[in-house]
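**Q** The task is simple: from the sequences and hints, build the whole structure.
Counting in the working numbering, the sequence shown runs from 682 upward without gaps.
Any given hint could turn out to be false.
To be verified - Capping the alpha-carbon separation at 20 Å, the derived lysine to any residue pairs in SDA-like fashion look like this: (1) LYS1032 - ASN954; (2) LYS920 - LEU947; (3) LYS969 - LEU706; (4) LYS843 - TRP860; (5) LYS1032 - TYR943.
Just so you know, the hints here were simulated from the structure itself, not pulled from any lab data.
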Amino acid sequence: MANARDFEFGIFTGDMVSHDIQDWLSFTHTYQSEEEVYYLMKKYLGDIPVYPTFGNHDSYPYAQLAQNSSGFAGEFSWNAELSAKMWKDFGWINETTEAQAEHTYGSFAVTTKRGLRVISIDSNFWYSENYYNFWNITEPDLSGTFKWLVGELLECERFGQKAWIMAHVPSQEMGAVPWATEVFRQVIRRFSPHVIAANFFGHTHADQFNVFYEQTNVWTEESAISVGWIIQSVTPVDKYNPAWRYYEVDTKTFEIMNSKNYYSPLNETYEYNIDKYKNETLGNYTYKVYEPQTPKQMTWIWEYSARDAYDPNNTWPHNAPLNATFWHRAAKGIIEDPAQNQLYYDHYFRKSPYTQQGCDKECLQDTFCSFVAGSQGERTDCLKLESLPPL
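**A** Spelled out as structure tokens, the structure:
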């Protein structure tokens, strides 16, 4: 695929380390996992630069990252130093950006050859299982990451430059903290759509999206200003087929024109019965064990085009980007049309045997709120609504 398409760069939204129980993890395992994943990216993508971000699993202990002001940041500096050096050695960033990443907890900004500013930030500073986020919650930017992000965006605004923002944990994820994600939402409002062309997240492993709106709790087409592409995972955890995508991008505005999605029907590579297992124990933990198998070779096959899937009646102009307005309309269709809703969940699970069938009232509300919320607090408030407002 890399040889058949003119890919200029890749983005990786985090989580390199296995999602095992804490008893099985160690500093060495985490360190070596990150090294190996970066090496594999370089091996198979060759000269295509990759711009990564850290996931909640890409730290040791799990999800922990201390701010400089806490006095414990030095315990975690190894991660940014290791990664930044490898990124520079692979030609993904230069020495100046390497130094930046080492001093901004692994966050960095790079300008592509066409002039797009790609800004990678570490979302562990808004992840609820990072306990360092709770030692002074009256200050929502203890790390200074948001201040740094705003500085990058102000520079883009000054010079008429477009930016992409990428992080791991979506800002509307229920596993995020409300105070920091509200700051992030305000940053999106301040710089969208004239600077920020797109936002990219991972973490959930599902194929999702969310829309950012100009006004709180005003979820109208006119108020839609930016979109978050929540990218599906390669890992099948939990109940997904592996998948990946590439984007077709307007080379002047850097807005997304389409996403082309591929998946692998993992269930067809081996025989698996979820009920045929035996229980084993490790300390106080009991877990399921299945008989080992040698799977068949995985194959990547076509799944869908976002433009075709979510504009079934071809009402969206062919030369218009898949912007916040497009995704607002897509959300409306998914909520109101059962066929579109099922299509969304087919993509969500990538046609796995565990794909959700149907969506009841509670499911619709959860789906609706995941679409329209820009922060954890906004999503929490949305879930309290007694009835859904029209989109």
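**Q** Now look at each hint and say whether the structure bears it out.
**A** These are the hints, each one checked on the structure:
1. LYS1032 - ASN954: Holds, at roughly 17 Å.
2. LYS920 - LEU947: holds, 10 Å
3. LYS969 - LEU706: Holds - the C-alpha atoms of LEU706 and LYS969 are around 18 Å apart, at most 20 Å.
4. LYS843 - TRP860: violated, 27 Å
5. LYS1032 - TYR943: holds, 11 Å
The structure fails to meet hint 4 from the earlier list, while all remaining hints are met.
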